[in-house]
Amino acid sequence: MWQVRPLGSQDLAAVESLLQSTTLRLSTLPDNREKLAQSIDAAAQGFAGKDKLATLLFGLQDGEGALQGICGIQPYAGADEPFYSYRIDELVHASRHLGINQRQTVLYLSHELTGLTSLCSFVLGPAFRATPLFHLLSRSRLLYMAAHRHAFADELICEIQGIWDDQGQSLFWKHVGELFFGMDFITADQQCALHGKTVIAELLPAYPVYNTLLPADVQKVIARHHPATQRTIDWLQAEGMYKTRFVDPFDAGPTYRGKLERMASMQAIRMFDSINLQNSVTEHSSPWLVSQGQGADFVCMMLSGHLQDGVFHCAKSAMLDHGTPGLLLSLEVAA
Amino acid sequence: MSVIRPITEQDLGVLIHMAHESGVGFTSLPNNPELLSLKLARAVASFRGDLPPDDSHFMFVIQETADGPPVGVCGIEARIGQDDVFYNYRLGAVIQASKALGVYRRTPTLFLGNDLTGATEIGSLFLRAPARRNRNGSMLSKCRFLFLAAFPELFSQRVIAEMRGYSDEQGQSPFWDGLGRRFFNIEFSDADFLTGSGDKVFIAELMPKFPIYVPMLPVSAQEAIGIVHPSTEPALAMLQSEGFRRNGYVDIFDAGPTIECELDRINGIQRSRVVTVDIVDSAAGDKLGTAPRWLFSNDRFSDFRVIGSAVAQCDGTRITLSREQADRLLVENGDTVRIMTLNPEDAKNDQSTSD
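Protein sequences appear in the order of chains A and B.
Our numbering numbers the first residue of the first sequence as 1 and each following residue consecutively.
Our numbering numbers the first residue of the second sequence as 336 and each following residue consecutively.
Since the hints were made in silico from the structure, they are not lab data.
The structure presented is a predicted model; accordingly, all values stated were derived computationally and were not measured.
Hints may contain errors.
[Stated by the list, open to error] Here are the computed lysine-lysine pairs in the BS3-like style, where the Cα-Cα straight-line distance is at most 27 Å: (1) A/K50 / A/K35; (2) A/K220 / A/K243; (3) A/K50 / A/K243; (4) A/K35 / B/K434; (5) A/K52 / A/K220; (6) A/K243 / A/K259; (7) A/K174 / A/K220; (8) A/K174 / B/K544; (9) A/K174 / B/K434; (10) A/K52 / A/K35; (11) A/K174 / A/K243; (12) B/K544 / A/K220.
[Unchecked claim] Computed, partial: chain B to chain A, Cβ under 10 Å: (13) T444; (14) F461; (15) R608; (16) V609; (17) P679; (18) A682.
Cβ coordinates follow ideal geometry from the N, Cα and C atoms, glycine included.
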């Protein structure tokens, strides 16, 4: 049975090979064994409640126990450092005297999103993206947050990967960041992995960038998402998150934002007191995400069943503890 | 021998002609009679002492004969940015450095500012083509040092000159195309016309207020920063020989450099000296058409005069002038005049007598 559970140090090799098979690159999951091990260790501290800033990492495991996906929650974007974005803003250059009125788009460095909770580190093979496993992996995080509400901010953000070419280079980086670093996007990305994203972002130019000074094709990629992220965008929008005027300072990918409590899934989450394990599925059954456990013991899976008087009736599963309460999220909710 | 005097109301017609001839790129002589008339009126009032010193704009004309028509003009703005806001870019730098990352990058950056507000500007120099001879251009340019030396209390110690920036044969400015034009789609020649029309401040207010990272500009625009127009190179070289240096500021439209010198350190002022006049009827006058090596000026404000002379018959603190020279300078026996060699290198060889 497929399930989502916290990653542990035993998953290091599996995480590494999963990352190698994906075209996406994530600064929270560096392509570096040592750094990766540190991230997983930090997550373990987070699950244990010993590090409130640590990015929590979850793994999607198939019936054979093989790792098929990863997702994460950064409770406090930027952790103990500023979280950098560019805010797309506008200035009107106008002269009554000359009859000129022109809107100018300007990118301002911003720390406004610092401290919000970030949905991050999402990795799922293309073959699974159009299946219910996408929901199991994506939304398991909402169940975790609902079960540990105090550990997260009231608002969520999700940074979406911007436009990269086939070589993994970003046109936006080439015309902005690279001017100040003298290193291409891939190299900068590696540096992010080694030193953390903030260390790099701190070197970005502090003054605003006038869009009009960028070549037309660069202007076009600002706030555009990578086609591979379409499924995630559809989901975020269905949950009620909206596209902000903030973009990633590296590749200009868009950032989505929304109130945690207002997310469609959060509003649909129900509690159950116990589980009634049955031998067969009843006719009232519908698909649910079911989660139990705190911290490192958290587990989330997809089951068919029904909720009645605080009892969740479902088919037998070795992973669930029928005596303990948990949370339910109907997959029939729009999102 | 040419004579330089303050501009008067009667010079409007000639001034309009000169503005027409000066063409695009010469914004201090707008091709607009109404604006020129205002400019002229301000200069006349300045020489009368009717304006507060900070608002004064002095304009001088040169004529090749005692009563001939003006053939050139130049000016001194006592304090720039008092009336209109004076904008320019300071070419500075932003450093991105990280030891951990092994990054150290210097990014040249243009900072918009009004830093030069209150400085004295020498400018508006135009000489009609037929009169570009006998060092008339040099005289026009350097006569201003004599006025600054005579009335330093009216001026800032910070004396600047804005040099016309680079534009190609078609009048296209690569800097404008790479920056200003991105903000309003106006041809450089039109923007230039607007600024000459007294609307410079309006255009300036439309320019980007945040610093501009130079590497974000097209290469052609980057390369034009601080480059003077080929026709301005001689003027730049001449002012440099007088002690003017680039001060890191450039024009916001064409990125032409601003040069600057402390008033007291202007070479021409340092090598000038005040001497007492002895008029001798038989003193050697200059032959018509000879190039001057000296400038003499009187010490009068409203009736300021400068003449050129091939020789200076000078003995210590006294100078011998011909009657004709004295008349042109409006001086009598016992008056003082300020004398200055036209070229700095001439000062090294002698001062005093003749040649």
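Results of checking the hints against the structure:
| no. | hint | result |
| --- | --- | --- |
| 1 | A/K50 / A/K35 | holds, 19 Å |
| 2 | A/K220 / A/K243 | holds, 16 Å |
| 3 | A/K50 / A/K243 | violated, 33 Å |
| 4 | A/K35 / B/K434 | holds, 20 Å |
| 5 | A/K52 / A/K220 | violated, 38 Å |
| 6 | A/K243 / A/K259 | holds, 13 Å |
| 7 | A/K174 / A/K220 | holds, 14 Å |
| 8 | A/K174 / B/K544 | holds, 24 Å |
| 9 | A/K174 / B/K434 | holds, 22 Å |
| 10 | A/K52 / A/K35 | holds, 19 Å |
| 11 | A/K174 / A/K243 | holds, 24 Å |
| 12 | B/K544 / A/K220 | holds, 24 Å |
| 13 | T444 | holds, 8 Å |
| 14 | F461 | violated, 26 Å |
| 15 | R608 | violated, 49 Å |
| 16 | V609 | violated, 47 Å |
| 17 | P679 | violated, 42 Å |
| 18 | A682 | violated, 47 Å |
Comparing the model with each numbered hint stated earlier shows that hints 3, 5, 14, 15, 16, 17, 18 do not hold.
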